[in-house]
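Visitor: Residue strings, one per chain:
There are 2 protein chains.
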Amino acid sequence: MTQLEAARKGVVTPEMEEVAQQEGYAPQEIRERVAQGLIVIPKNKRHTHCEARGIGKGLRTKVNANIGTSSDVVDAEEELAKLRAALEAGADAVMDLSTGGDLDAMRKMVVEASPVPVGTVPIYQAAIESRRRGQPVVEMSVDEIFAAIGKHAEDGVDFVTVHCGVTRETVARMEKEGRILGVVSRGGAFLIAWMRYNNRENPLYEYYDRLLELAREYDLTLSLGDGFRPGCLADATDRGQIQELIIIGELVQRAWDAGVQVMVEGPGHVPLDQVAANMVLQKRLCHGAPFYVLGPLVTDVAPGYDHIVSAIGGAIAATHGADFICYVTPSEHLRLPTVDDVREGVIAARIAGHAADLVKGVPGAWEWDLEMARARWDLNWDRQIELAIDPSRAKAMRETRPPKEEEVCTMCGEFCAIKLLRG
Amino acid sequence: MTQLEAARKGVVTPEMEEVAQQEGYAPQEIRERVAQGLIVIPKNKRHTHCEARGIGKGLRTKVNANIGTSSDVVDAEEELAKLRAALEAGADAVMDLSTGGDLDAMRKMVVEASPVPVGTVPIYQAAIESRRRGQPVVEMSVDEIFAAIGKHAEDGVDFVTVHCGVTRETVARMEKEGRILGVVSRGGAFLIAWMRYNNRENPLYEYYDRLLELAREYDLTLSLGDGFRPGCLADATDRGQIQELIIIGELVQRAWDAGVQVMVEGPGHVPLDQVAANMVLQKRLCHGAPFYVLGPLVTDVAPGYDHIVSAIGGAIAATHGADFICYVTPSEHLRLPTVDDVREGVIAARIAGHAADLVKGVPGAWEWDLEMARARWDLNWDRQIELAIDPSRAKAMRETRPPKEEEVCTMCGEFCAIKLLRG
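Here the protein sequences come in this chain order: A and B. For the first sequence, the working numbering assigns the number 4 to the initial residue and increments by one for each residue that follows. For the second sequence, the working numbering assigns the number 4 to the initial residue and increments by one for each residue that follows.
Treat each hint with caution, since some may be false.
[To be verified] Computed list of lysine-lysine pairs in BS3-like fashion (alpha-carbon distance at most 27 Å, straight line):
no., chain 1, residue 1, chain 2, residue 2
1, A, 286, A, 363
2, B, 422, A, 179
3, A, 422, B, 179
4, A, 286, A, 60
In case anyone wonders, no lab produced these hints; they're calculated from the structure.
In isolation and in its complexed conformation, chain A is listed as follows (with noise of 0.2 Å):
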């Protein structure tokens, strides 16, 4: 049984106890929400080292973080760098995006050491296999396709990036419109580029159940790619991307019928006048099924600070129903990212999660910013870098200018506020 078929028995799964206790919920209340599809836990019967993460109604903001390789930068030991500084500095997920070396053994290699969720996009793979072999991309077969979903079923992981709903409707709804910046999504422009090639549906669409049927043998949770997310603010919220919601709000009831649990991706580059709009609209036309964001970036112009950029359109998103967070390192746009980007790209997305968790009542969120004013008031700089999201690089920095009087710090020095007023 999926985590959703036991939910829908009325069966309290470990998992679902596991997400009560971290969250603050009785096991009931996540159970109830599991079965209405509004909670997913990702997680692979055989990827049984994992930790249970829920993500959903009510929990705390889940943040992701992408490693993985480049046809252009190979190097695993760095790959796993990345996935030990993503943990250390609190991501909830890792998905593996290797597009270079042996997949195989990259894949393998993160779901083993990966105590968290683990997602991929089958795709690439299927794709890269395919240049691999001498055969362009747009000459893989249906069967290389889901063979390719198949092998990262079996390996363990525990959700799949799958871009069903780029449709010919919703491609030719999208050329009509007309966009700046075309299809940023790799997953759907590998897509496009076989369906034009075959002038044939998307397989991931017309075969649908064959691939829910493979994910409800692992309980291999669904995360139904945006294809359309708009790589600039200008493309934002257009036809091409609310028609790819509509058909995907479709696909996710299709895949609760199936007892499979699914999630939604959403965009992208986004104005931070139609980020609420758009959370608001997936949650209807997907009837509240848990939303997974990348970004959104509330401008285009700052690469290099893509991290702060998409905090701002994180933290608003989360704000208005964005579930999960798909970090952006301060490298995207420019290179595939270091293990410092992958540090800083959690923390901000961590930051933008809990600056909305503590506006939607998220159990224990304002607890946490209570302790540390408390702290503040009290001068106990141990007990300000203990509470700090990141207390090394909290400590190091009060550590470079030490103040002469230890109960302040540099910025006042002898002039501090609290202090002075304290008495």
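With chain A held as given, fit chain B onto it using these hints.
Guide: Relative to chain A, chain B alone:
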């Protein structure tokens, strides 16, 4: 005549022309808004080499960088380096908040070296000089306070923070309600300590006309400081803060009556869902006077990353009415900022301001992002770097991991989605 007086008489000053040019408005539009108090152009008559910067309705959101020594760290060279870093990163104004070393020399150096408006908080100097004379801060005289303000005006300072809304009434109201983190404004704390010790009203409130006279003489813009700005989320939008804002609104109108340019300072630490309300409240209570915010910080728990925390709050604030953002650096709550912190802080605040300008309809904002989107579609990397908010950072990041093919980057390498579909 001050800019305000000139505008009311129908005179378009060279500064209004300059602002109109920078912002893409007709000079008469700028004059009208200056006349209504909706825009300030802080420029002391003695700061003759200062470029004009307009702050207020319809204009690009401006960014201020705080620099200056503390009692623990005094290094004039470093402060000059911070000034340069702030200007290079695109700051529109700097405040010299020095509280250590030779305060007069520091201020003169900054005014001399700065081509953008310079702000100060003269009460710091009054308090510090009092202590240096062996006299407790609370024993400084009213004349000493005004002498400090006069000295700053004479030295060419363009705007001063004056905490005129810290009154017996506001203090009583704050104390009655209670706070987790008391008063975190240094200027506010000096004045409250003074008021308690002397059992007198705040001289900046009691003798506000004297302040107005002085400001008018130099066209010194008053920045009405928020002595009750919350120091933690739990204290946000409380009675003390809002009572002060009501009084500040009254003082705004008295400044306008006296022909003095005035803006209003705002929080601080504010939960994400209270940020917009704070902006609406200020605009209404202060009759549209420009709003200058510090942050707002949307969580208390991220010392080391408060530039990101404040970028989230600043973007939302600017979207809903804030006109001028005071940066917060990664060092906030930990130490006096370094030169690097200054750069990071300015860029983060500029990102926040620009994300808001895009949706506020600020002239030119949207075109910047569109150009970047087009450069991405063209895979034109030189142009992408040129258009980046920090070109040197973007260039360095790309170059540390150069792609094999010039057209792409090492994130996607040969599997670049744009390249794939453009063919």
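Visitor: Against each hint, give a clear statement of whether it holds in the structure.
Guide: Consistency of the hints with the structure:
1. A/286 with A/363: holds (15 Å)
2. B/422 with A/179: Answer holds: residue 422 of chain B to residue 179 of chain A is near 20 Å, not above 27 Å.
3. A/422 with B/179: Between residue 422 of chain A and residue 179 of chain B the Cα gap is close to 20 Å, so the pair holds against 27 Å.
4. A/286 with A/60: holds (11 Å)
Checked against the numbered hints above, the structure breaks none of them.
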